[in-house]
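Colleague: Given only the sequences and the hints, what does the whole structure look like? Please build it.
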Amino acid sequence: MTLFLNNVDQQRCISVADALSGMEAGMRQMSRGDAIRRPRIDNFLPTSREDEFFCFSSMEGGIREPGYYALRIKPDILYWKQHADGQRRENHSVEPGSYGGLVLLYRVENAELLAIMNDGHVQHVRVAATAGLGMKYLSREDSTVVGMLGSGGMARTFAEAACAVRGIERIHAYSPNHRNLSRYCEDMAASLPCQVVAASSAEEVAGVADILCCCTNAMQPVVQGSWIKPGTHITSVALWEIGDDTRDRIDTVGELVQRSRFRVRGFSDDDFELRMDNVMSYAAGDVDERARIPRGEIRDSWYPNAKLVACCDWSTNRPYSRDVQEITMLANMEYGIIEGEASSSSGTQGLQFACTGGQIYERAVELGIGQELPTEMFLQDIAT
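In terms of my numbering, the sequence shown opens at residue 244 and continues consecutively.
Since the hints were made in silico from the structure, they are not lab data.
All C-beta atoms, glycine included, are put in the ideal place defined by N, C-alpha and C.
Please note that a few of the clues may not be correct.
Straight-line Cα separation of at most 30 Å, DSS-like style, residue types lysine-lysine; simulated pairs [said to hold, decoys possible]:
| id | residue 1 | residue 2 |
| --- | --- | --- |
| 1 | Lys317 | Lys550 |
| 2 | Lys472 | Lys550 |
| 3 | Lys379 | Lys472 |
Listed next, with one range per pair, are the computed distances between beta-carbon atoms [to be verified]:
| id | residue 1 | residue 2 | range |
| --- | --- | --- | --- |
| 4 | Arg538 | Ala354 | 33 to 43 Å |
| 5 | Arg504 | Val440 | 18 to 28 Å |
| 6 | Ala553 | Ser291 | 26 to 36 Å |
| 7 | Ser425 | Asn560 | 40 to 50 Å |
| 8 | Ser425 | Gln330 | 17 to 27 Å |
| 9 | Arg504 | Arg538 | 33 to 43 Å |
Modeller: And the structure:
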């Protein structure tokens, strides 16, 4: 049987703390050549509404042990809105408030479709689990205060990740949406073993943080470099959230997987370009229509003053030994692999979905939950 697992099913199956071990095992496999991922690619088509695009995003990857392969597809209506605090990206499927992303999970041994999942919970967990590994290997062991910028789903799972790897005593959170911030503080205080308080500004949050988490949908920096205190570990969801003045202050960038630098310079194909946070993209439409999609930026280095280190030597299990004054960051936001020339396409997303999706599937089978679908529905007798 193939299982359909909605977000509620998934929440019963896995927490961020559960996902950390599976994600670490996947990173170990990739470091020795036993895991694979295909870069994320986004395809854009204009709709009948000016400034709105259909965007189909996909990423995939697999792990040799225990043998899972995952494909994540994400169909969106995408547009950009100006708010008082800057531009933000908005998206939906069918209508605002609904989303159509799916993860397909396959068994490597026989190419069987094991599960179809809504991509909401697995997305939040896989991102936070990888960020959690960055916190585990790069933050100070005596870190007790999390600074949280944002109040959405990622802000919730990043807080869980921090509490899973460090003895967190307080979370200081800020969001320009005061209603969401109040609900976030109330919910997280009830679910985590620490105090959660609302801050009055992003600067206040950054000034007290041992671990600073940027979990917003902003398309411009949400923190200033001058706010960061020595010894802070910084983690973020999106490339835009961290500005050059903050990157200039980063001393150490950690990799979970050490790979050659991802390159796209010299690649030529009609309609191809880096878009948004440096995603490999294809866009249809005329020149003016395509110009409405934010363009990416190729850089030789995103961290001009930082040294690049392995978070852990997986062959010896020896973690990186940091100085207490170092300002650290996991490479390429929450991917743990150096950005290269196409930041969000050079990441480990597909691998992450295989790791976390596989754990969710195994637990769902144990618990007997999910909607069963005959696997025969997805098989045919015509060779393709």
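Colleague: Which constraints among the numbered hints does this structure fail? Numbers only, ascending.
Modeller: As far as the earlier hints go, 1, 5, 6 and 9 are violated by this structure, in ascending order.
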